[in-house]
Amino acid sequence: MSIDIETARRVAKLARIKVEDDALPALASEFSAILGFIEQLNEVDVEGVEPMTSVTPQRLMRRADVVTDGNQQEAVLKNAPDSREGFFAVPKVVE
Amino acid sequence: MTELSKLTIAGARDAMRKGETSSAEITADCLSAIAGADALGAFVHHTPDIAKDQAAAADVRIKAGDAPDMCGIPLGIKDLFCTKGVPSQAASRILEGFKPEYESTITSKLFGSGAVMLGKLNMDEFAMGSSNETSVYGNAVNPWKRAGDDAPLTPGGSSGGSASAVAADLCLAATGTDTGGSIRQPAAFVGITGLKPTYGRVSRWGIVAFASSLDQAGPMTKDVRDAAIMLGAMSGHDPLDSTSADLAVPDFEAALTGDIRGKTIGIPKEYRMDGMPAEIEKLWEDGTTMLKDAGANIAEITLPHTKYALPAYYVIAPAEASSNLARYDGVRFGHRAKLAAGDGITEMYEKTRAEGFGPEVQRRVMVGTYVLSAGFYDAYYNRARRVRALIKQDFDKVFADGVDAILTPATPSAAFGLGEMTNANPIQMYLNDVFTVTVNLAGLPGIAVPIGQDAQGLPLGLQLIGRPWEEGDLLNVAYSLEQSAGFVAKPTKWW
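In order, the protein sequences belong to chains A and B.
Each residue of the first sequence is one higher than the one before, counting from 11 in my numbering.
Each residue of the second sequence is one higher than the one before, counting from 2 in my numbering.
Warning: the hint list may mix true and false statements.
As the list claims (entries may be wrong) - Think about it this way: if two alpha-carbon atoms lie no more than 27 Å apart in a straight line, the pair counts; the simulated BS3-like pairs of lysine-lysine are: (1) B:K352 x A:K23; (2) B:K308 x B:K393; (3) B:K339 x A:K23; (4) A:K28 x B:K339; (5) B:K352 x A:K102; (6) B:K494 x B:K7; (7) B:K339 x A:K88; (8) B:K100 x A:K88; (9) A:K88 x B:K85.
FYI, nobody ran anything at the bench for these hints, they're computed from the structure.
Using the sequences and the accompanying hints, generate a full structural model.
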């Protein structure tokens with residue numbers, strides 16, 4: 011399958027990665043190469059095979075539904091690029 | 002004098018217990034070896050003060066008696082592990098300045114048992130790569146060189162810094178992580194032992210996630226005994242990782258009897274690839290003969306879906322990565338791009354991720370985004386997960402037929418030159434994982450053991466694959482192979 015420039019642009023947008031217009035053709039051709047490689051999977055007969063979710067046939071552990079952690083506002087915000095008054099700060103979201 | 006840093010874990014443990022040396026002395030020796038090894042690019046964050054404090058505390062414990070095996074052992078830690086108060090940035094620009102407020106389960110188990118942290122080790126960005134060339138820190142370099150050739154070689158990836166540091170005796174052992182071969186391929190490229198445990202044997206908590214259904218950490222060590230000792234200290238159930246298995250941790254070192262008489266070793270015919278270098282084929286045959294001479298039965302086996310492992314991996318791993326790496330948005334930690342006037346939150350995400358992620362990471366995140374997007378989810382992602390189920394069934398059948406372990410090459414070649422693959426397309430680099438990636442898809446334990454050298458003097462390794470949860474048996478077969486191969490070569494110091 012060949013990926014066109016518009017598809018590459020759309021995928022970059024979905025992934026929230028800014029890609030300049032002049033970089034899109036190279037990106038599209040790399041995608042095409044990788045997807046071409048992946049296309050081999052179409053040779054396999056997967057009729058009736060369940061998609062694997064977990065390699066070990068175990069149920070995920072459950073724990074009691076109780077509070078185990080908290081009161082760590084300072085630690086949580088410690089690595090934030092911008093925080094104010096106990097909150098993460100981001101550019102204006104709503105006009 | 003840098004003799005003490007050459008010790009194995011077992012050798013150092015025994016010598017410290019006898020009072021012949023101390024953790025302080027071994028640690029000091031490692032720190033001076035590291036200080037003289039900048040050219041290897043292995044250590045990217047140095048923690049000498051932490052190391053000295055931990056060594057002093059370990060010496061007190063050893064004197065008091067009953068200290069755990071890892072007590073006082075100086076280690077390098079892959080940059081993918083979160084270590085409290087110490088930069089942990091997965092070799093990515095996007096985690097520049099990030100200092101975790103918590104400690105990963107594995108490092109806290111290791112340090113709890115008295116191990117010493119010398120610093121953080123280089124790697125491919127977010128563990129995506131097979132040559133350590135995608136790191137924000139620059140390349141890690143292989144301590145080995147081709148005979149009569151000065152060209153710097155890759156130590157492999159993604160755990161390239163770990164491999165380089167252990168092979169060059171900068172530390173006694175190192176932690177690595179393995180999503181598609183990232184412990185075993187670099188171990189083979191530098192002539193050391195690297196073990197990926199069964200999925201769920203060790204906790205993933207506090208390790209920067211790449212592809213959660215495939216990621217597993219493990220030891221990178223100077224020999225098989227050390228891998229057994231260190232795996233024991235890393236293993237165990239962790240309520241903080243829902244996929245961590247609630248199973249007892251056996252004494253892996255006690256499993257090393259070297260007796261493999263009557264064991265059945267499978268040789269999978271699908272691993273004999275077209276165009277396989279004659280040296281790799283010969284190495285594989287030699288290894289087979291060694292195990293046979295040690296009393297094992299050799300059985301030709303078939304793993305029919307092997308060919309589809311890499312394409313399945315290159316759907317599943319990027320899909321999981323695109324989801325895991327969504328958290329790097331410039332809000333909670335790490336890098337945020339400088340914004341232009343009028344930029345809103347979407348521009349912040351897009352600029353931050355474009356600046357913060359390198360080209361290979363961007364490529365995989367976008368491939369993952371594509372295969373998960375509406376209209377392609379079934380055709381790519383679900384199909385890959387079905388093929389993955391078939392790959393696991395291949396192994397289940399072979400083990401049900403009585404095979405105890407499987408012997409394969411570890412890598413399709415010896416270490417290649419840094420920069421040699423720059424103009425290759427991404428697929429050619431991905432082919433490095435052709436022998437290792439099946440093991441991650443099936444969740445099995447796998448170990449790379451150094452066996453011999455190629456015509457240019459570079460180390461070559463073989464891989465053994467074991468039954469799930471039977472790392473003890475696997476390590477014992479590896480131990481027997483190690484004894485027969487007698488690989489003792491060391492790189493000539495040039496750094």
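Exercise. Which hint numbers doesn't this structure obey?
Worked result: Of the numbered hints, all hold.
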